[in-house]
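Number of protein chains: 2
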Amino acid sequence: MKLKVKLLGIESGKPTVVMDDEYASRLGLHPSDRIIIKYREKSAMAIVNVAATFPRKTLGIYDEVSNVLDIRSGESVEVQPAKRPESLGYIRDKILGNRLRKREIMEIVKDVVERHLSDVELAAFVTALHIWGMSIDEAEALSSAMVATGKTLRWNKGPVLDKHSIGGVPGDKTTLLVVPIVAAAGFIIPKTSSRAITSPAGTADRVEVLCPVNLAMEEIERVVNKTNACLAWGGALDLAPADDLFIQVEYPLSIDPLLLPSIISKKKAIGAEYVVIDIPTGRGAKIKTVGEAHSTARDFIELGKRLHIQIQCAVTFGEQPVGFAVGPALEAREALIALKGNGPFDLVNKATELAGILLDMMGVKDGKGATRTLLKSGKAEKKFREIIAAQGGNPEVTPDDIELGDKTTHFVSSIGSRVVWINNVAIAQIAREAGAPKEKGAGVLLRAKLGDQVKKGDPLLTIYSRTNQKLEAALALAEQLEPIGLSKRYGEKMLLRRIPTKIPHEKVFVLER
Amino acid sequence: MKLKVKLLGIESGKPTVVMDDEYASRLGLHPSDRIIIKYREKSAMAIVNVAATFPRKTLGIYDEVSNVLDIRSGESVEVQPAKRPESLGYIRDKILGNRLRKREIMEIVKDVVERHLSDVELAAFVTALHIWGMSIDEAEALSSAMVATGKTLRWNKGPVLDKHSIGGVPGDKTTLLVVPIVAAAGFIIPKTSSRAITSPAGTADRVEVLCPVNLAMEEIERVVNKTNACLAWGGALDLAPADDLFIQVEYPLSIDPLLLPSIISKKKAIGAEYVVIDIPTGRGAKIKTVGEAHSTARDFIELGKRLHIQIQCAVTFGEQPVGFAVGPALEAREALIALKGNGPFDLVNKATELAGILLDMMGVKDGKGATRTLLKSGKAEKKFREIIAAQGGNPEVTPDDIELGDKTTHFVSSIGSRVVWINNVAIAQIAREAGAPKEKGAGVLLRAKLGDQVKKGDPLLTIYSRTNQKLEAALALAEQLEPIGLSKRYGEKMLLRRIPTKIPHEKVFVLER
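If you're matching them up, the sequences are chains A and B in order. 1 is the number of the first residue of the first sequence in this note's numbering; add one for each residue after it. 514 is the number of the first residue of the second sequence in this note's numbering; add one for each residue after it.
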């Protein structure tokens, strides 16, 4: 059937068209059915949105489709119902609890990347994966398919190392230390990171305080060839792009069944051969117990093996923020101070342990010792500045150059006592309320950590913000949330949580990779 | 934050707005987050679509939202992030396999009807319901919630009877006989039906051949008060409207976990107190075995009890179309002929059995005998014509008045043999290919049914269409699908299905209520 095109001039997020109900019905189309649109030599598949009030015999085209067809309003296109994608049958199989085969998973991931699946279908797939789980064969197939449907980087030198944290702990700027240490040791580590989705800072947000992170593929190659490393944003590189599309439906549902394949596929796409995975563990972390961490580690190692990536996992203490700083600029500053030799003990310890594991994997004798030497000698700092320079930042930057929010206030202790717990989620929420990650200078500086003695009136947190309004909102939130638990001795305060008659249904979900 | 409104003039199917990525980010919004829009005294909740190329500081508003706010382009609105709906937490609970409480289900259904949930969230809920199933308590809560969130009809006379088929068998025009029979017996039966979604005709499509079916609530009351019955389209009445929204996500996924609550809630909303449920059973029907039918019947009866509806179920033979006609006009004609006393045996048998069950429930002695008398005496036909007249049709209509597709052809038998099976799905597909249900005169007339002897060259099907093109397409499909199985004796042809190396993944899903 021939229809006249009307460009809508709007993005809808997927290839969508609008059609009036009468003509949709003539074509036998229901909402969310698909059509093939032919225009000259080009053709595109689109999902149909049926509208009661749209002009008859007209096809309303969103930007995603008009960009493919390169078409103007008023032109005529040939429209026909599309065959139901084969992948829909496989999604249905997964809903029914069947195991999917490699070829079937490839078909699904291909249709995800080509935007042939609607939100409804994607959501059903992700939900079914969450409920049924996936076998290691399925995880392997998903990882491979996610690599195959995106760009990949291959290096003609090697070995290629990488580091990844499954996330969930605020203030974790460890990557900013690990990458220059490993590169200073002479190894290649082309690190890509994400921005924050629900947290106060992603690694890309932290690095962006010091230099551009939005690098093209060729720039990454140039930077790595020059410095052995990079600290780039991975979001626009088209590495395992299916993941970003899965995240769009995982986010509103607060589920993350694709965590392992997502991470492994990104590592494979960047060409990594040896990877250390950080699994922060404990109350307030994604993984609650060491037992659970073991089982996750086993899956990572096996999945890595199948994709020819050698993986070791580090189960790390995740019950409080790493270091003291939470928020992009505060964290970049803390990382820089640490590289200059004055970092908080836990941050330095975590970075040298993780980097040490990578050096151990490379056969370096006493990997951890080597990393401490690289840090103390200033070689890691020098390497960090090389990377900053190569990415277009100022290599001479000092901690004092980093701009923080100029409005500050303290959240103080109401008693003299000892810090017995820190609520990660509350700290993250307060930092976000202050404006992080969007406002780079906003965030929270912890003034006391687990086990520290505090006097009445001592600051527990210093909050940084750009506006007084946000500063006050963050302080009010801190007063409401009890982010830091105080007691004379650990284990004396007996009430862990009070559950009132009306159960508040607020779980904070951390979706960061 | 204040934003300038730009009306998009398009329906998107749900309350959606578009915003540029920079301002979305300033508000801390991710795609599929919700906002509250305030304009003068009005406010609306909408789901945010983030676009890279949309004008800055502008809120693009689809029709669903502009209709609520009654606003013009260029006006200014106050926008703030909305709280995450409480129902999302409960959907998540269902994904995790928890049983939901009455209050929680009410919250979900309310948010469905108020359009506060996105497609992603609805799809996840329906998928989780399909995988985990629902307890009878959950089914009751869903039914009650679906009634409570829509309109209801209450009758000041009674008892109120109703009939429903779970569907799946083509040519099932039984309702067109049952309703006038029951009404002629002096009982009230306010029947609402759906149009076809994936089948060649729904009851509303069949009745529409004879009279209008798109009645308002007051018209239904008037017609029922006058004639004891109606045969109306239920789609625009706002009876249990949540169901129509669930169907929109069930359709692309080909799953139907809400079948029972959907049916029961529609019956409750119309005020039914005694209902007979038809469960067509057998190969090619929705329910394959009598055991399965029993278990479905038990659930219907229990669920009915909880909503104070007395239910009896009829397990009927579902392995071939009912009567000979498939397609709206062909079926209306066959029903009219049957009411005049010359109907096919199976159709008359099914109608009198179902109507008989209802009369039995009313304490009528020999209910089935009574229905046959009502049919033979012409009282049922007279009642049918009263209903047609009351709904605005021509009460004098004769079978010959009904217009059929004027292009016809035969699908003939290539051998002399006997009909040993009929493929319901193939028959439905051929009728749809011929133009049904959109073209009312299109469809298929079966010329032989199970057990019938046919000679080589005898017609098996007569296909009716409005255009030669569709006629030929339907005939070609018939030749391809083998809709009618021929063999000298039942059980002699041993190959049930051949499964080739590449398994075709085409399952036809029937979603009709």
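The set of hints was computed from the structure by calculation and includes no laboratory data. Every residue, glycine too, gets a C-beta built ideally from N, C-alpha and C. Among the clues, some could well be false.
So the derived list for chain B, only partly shown, Cβ under 7 angstroms to chain A, looks like this [as the list claims (entries may be wrong)]:
#1 Asn562
#2 Pro568
#3 Ile608
#4 Gly876
#5 Gly998
- Item | Hints violated by the structure (listed by number, smallest first) | Numbers 2, 4, 5 - these are the hints that the structure violates, sorted from lowest upward.
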